[in-house]
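Protein chains in written order, with my numbering: chain G, 1 to 292; chain C, 1 to 292; chain Z, 1 to 292; chain V, 1 to 292.
One or more of the hints may lead you astray.
Result set (DSS-like, lysine-lysine): computed pairs, CA atoms no more than 30 Å apart in a straight line [claimed, not checked]:
id	chain 1	residue 1	chain 2	residue 2
1	G	K10	V	K290
2	Z	K94	Z	K10
3	C	K10	Z	K290
Hints listed in this document are in silico derivations from the structure and should not be mistaken for laboratory results.
There are 4 protein chains.
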Amino acid sequence: MEIGLVGLGKMGGNMRERIRQAGHTVVGYDRDPKLADVGSLKELVQTLAAPRVIWIMVPAGEATDATVNELADLLHTGDMVIDGGNSRWTEDIKHAELLKAQGVAFVDAGVSGGVWGLQNGYALMVGGDEADIARVQPVFDALKPAGDSGFVHAGGVGAGHFSKMVHNGIEYGIMQSYAEGWELLEAAPNVTNVREVFRSWQEGTVIRSWLLDLLVRALDDDEHLAGIRGYADDSGEGRWTVEAGIDMAVPTPAITASLYARFTSRQEDSPQMKAIAALRNQFGGHAVKKES
Amino acid sequence: MEIGLVGLGKMGGNMRERIRQAGHTVVGYDRDPKLADVGSLKELVQTLAAPRVIWIMVPAGEATDATVNELADLLHTGDMVIDGGNSRWTEDIKHAELLKAQGVAFVDAGVSGGVWGLQNGYALMVGGDEADIARVQPVFDALKPAGDSGFVHAGGVGAGHFSKMVHNGIEYGIMQSYAEGWELLEAAPNVTNVREVFRSWQEGTVIRSWLLDLLVRALDDDEHLAGIRGYADDSGEGRWTVEAGIDMAVPTPAITASLYARFTSRQEDSPQMKAIAALRNQFGGHAVKKES
Amino acid sequence: MEIGLVGLGKMGGNMRERIRQAGHTVVGYDRDPKLADVGSLKELVQTLAAPRVIWIMVPAGEATDATVNELADLLHTGDMVIDGGNSRWTEDIKHAELLKAQGVAFVDAGVSGGVWGLQNGYALMVGGDEADIARVQPVFDALKPAGDSGFVHAGGVGAGHFSKMVHNGIEYGIMQSYAEGWELLEAAPNVTNVREVFRSWQEGTVIRSWLLDLLVRALDDDEHLAGIRGYADDSGEGRWTVEAGIDMAVPTPAITASLYARFTSRQEDSPQMKAIAALRNQFGGHAVKKES
Amino acid sequence: MEIGLVGLGKMGGNMRERIRQAGHTVVGYDRDPKLADVGSLKELVQTLAAPRVIWIMVPAGEATDATVNELADLLHTGDMVIDGGNSRWTEDIKHAELLKAQGVAFVDAGVSGGVWGLQNGYALMVGGDEADIARVQPVFDALKPAGDSGFVHAGGVGAGHFSKMVHNGIEYGIMQSYAEGWELLEAAPNVTNVREVFRSWQEGTVIRSWLLDLLVRALDDDEHLAGIRGYADDSGEGRWTVEAGIDMAVPTPAITASLYARFTSRQEDSPQMKAIAALRNQFGGHAVKKES
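Bound-form chain G, shown alone:
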């Protein structure tokens, strides 16, 4: 089949390649003319035969919002938009309504796979109407991994991004769990082969996983991670997962702890711990450390 693809960065570029390898036609647009097949969204729409399917793969938030808005003006009844970026699921509801008013269908697709996706395939979690999804199934099949899993129609509009968001929240918690364990082993007085302990866990244990494999790979590069600072960004989905829990009164203590550990890792000096130090000094005469 034929598909338009908006956004040809690290993710989008690889996805174009994987879809083409499966024999489909991809017309790509990107603001960077060196990456693009066409010069504008308008030209993209004109190039594709109706009814069109356009997959958006641009940064969540303003960029996605602007692209959906522009496409709402350019597309016609029977066309379809898929948002494969990292949009918040609440945005999907808005975008679906906007497009529906133009007779344009909307499907949201959460995509996992990172830098390994081109080779291994991308796990896809999609939300929307059954018939809409069926129409794009060949592209989903091209993108997904080879096995039986790696693709799910999770529910109505927004369910794809909601599932991907929760996937990332879980990812935060799993990573934090390994990280805490690694720090414990590194601190233990009698454990001398921490890297080898992690390697040994790759088979036969309860905690074997792909993330464990990646951690072993990282330790093979730098056994004690001496060259890496303990500084971690977060990219939206972790925060949204915690907020979704708060909205639905679902406690997420492990995922939240993982998010907060990242917040703290980015602070040069913790304001709240200044307050603790000040209080200890006030009631107990405990010495404080002066800022230098």
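Since chain G is already given, all that's left is putting chains C, Z and V on it; use the hints.
Frame of chain G, contents of chains C, Z and V only:
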């Protein structure tokens, strides 16, 4: 080689079988005469040719302590004891010293694998002297999984159980992360195929793992886990992991959150939440729920 | 001075009384005609002499929103609206803009004091322009406690409710801290006089506070809180505090833990712990508790 | 009455003064001869008339242990030892048994008050037999604050230190709650008078407390705590409180979060966050910060 095995329960019985399948001789002792090859520890020691290797596989705490004490009296210079149970690593230090006074070597072995170990092999994390471990390597090789990993000499005495303890602490955190994600998806208004979302994650995602596979298996048995109560025991290693963190001033927020979630799951009514309810009533006139 | 007061419930009714005791004129409106001095918002506006000051004391969310919208139509240049309810601070920004378009000033006031406010005074945290606040200072002075503190101009529009929100978040954390301590003491094998321990803390300790006094009062009513269920609602500000932290990348682990403890207290059976139980059963053969 | 006092540091020295001001006789011993009234523990015992009461006020752990051991040899049937230091309650059980074998009574006393105790009195939580405590009541009365509370007989041996330990655990949680709130307010875009917000809370609010008063005092010294590093030690009781919870399966999420925040505050670079950064780099190609 020849080895004595004390404790032939769920774990020990399967391990005897796996060691025998590898062509070694196992003389097993258990308090239950129907399981045992010999009638007493004393008979076990008499049956084995010196220098002896005896693997203890009994419950951590009093039972292991009693067995080590009794073996310290029965064994002789050049013999060796391996504790493959779930002992706390601090116990290993004590046991090694006690046995050393009799000229008996000590190795601690953390064993992972659960009910799947007989078939897939047991992951082994061992602590002790290089030479002692080399002596039992054929048995370790018989027990471990087929691949390159699944066995590690983690460090000195106690390092095996310390590593296994941390393994279990990580396990708590990973399980809690999936569990939080599952509850979020079940609570989401627009996600209708939660089980299939989990199944889809088994390929191509960042969070694919053996525990994920097991959760899919459980959901295949009971899609919404309607027949299972939200009640979880804990078995020592989780607590010890948190306490090891406290001893070494290593924060373990995700693992600790996982442990506390289990504590809470076992309370019919939370005393601390009674106090919260009472306080809210005092200052805000908020209604309390009466005990029925 | 003269002020209109919208909402004469538990809080608003007592506030009317306290303002009148200070010699000011209060014209009150409430949907319940038995409580109201006038029959409608329109009549309230007609009754007050321009320039008018109207204090809104209705539930946050839709009710406050509707009242502000209606007042925006009824009021004129030079009038002023104060929102003394529990609105989220982000609502204040919206309301201030809406009213500003009509030439109407806006001040937000976070109010603390609960059922004790009529007698002890209400602590007030207000946000808005200096001149606007100065104009209503006589009413603020009537409401606030007798001493030097209990009133603050916290910053621009929204700062009053933001401060009140954080006040409540801190309240969650303090209450949770006492509650955890109480449960520990009740569980301790050798502590026989838990209530008296709490009473003793009221003087000379680092943790003496008004909330501690209230807890002692509650324990005097019911020493072991046997008649109260461990069930706690939450009322918005705790969630908003955590979300504000997430928005600004400020970790709030103790306040968040307090919020989650309330979520959990309201679950008959925890879905996430069902998943934990199912997983333990899968890998370790651990028995699960069946739902009865 | 007459009492011996061992340990005349910051706490012990002030306590000697407060007891003397109440008209009692205190014979003090300290390793530092400039502080001491007698030259040795032996001389202290010889100076006091039988039956003797000796109050120990030395650092918990080895120093207290050594002092109790030495006194067990020096004292006689009918004498009494009070441990007023910060001993772990499990030590009390040991010490009571050791002394009982010599016919010497033991009482444990948790003491709160810090640098303010001399002036305001010390809150006392004591454990032991009714008759033993009655015998020293005059000294407890001299030390405690003036009002009706500030003293409790909490239960059997150990109950005093257990209660004091929980007091300190609660203190951790309350301090953390204020500290989180302070950081939120400092980070808020529209709150310009954070210090004044805290000052205003001192009257009429739900969260007024002595710790709040101290925080206002600290902010009066240094409005944004610019001169203080966000670095906080912990002194045993916080850890023990969390461990007591773990032993008794009582979740203490807020207190634990407070303890972990202190651990983190003391790390220059977080090992666990190195692992998180390494993992993000492995699967997502996210840049890491290099160690400089």
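Going through the hints against the structure:
Our distance criterion of 30 Å between C-alpha atoms is met by K10 of chain G and K290 of chain V, whose separation comes to about 22 Å. Among the hinted pairs, K94 of chain Z with K10 of chain Z is consistent with the structure: their alpha-carbon atoms are about 27 Å apart, no more than 30 Å. The suggested pairing of K10 of chain C with K290 of chain Z holds, with an alpha-carbon distance near 22 Å, which does not exceed 30 Å.
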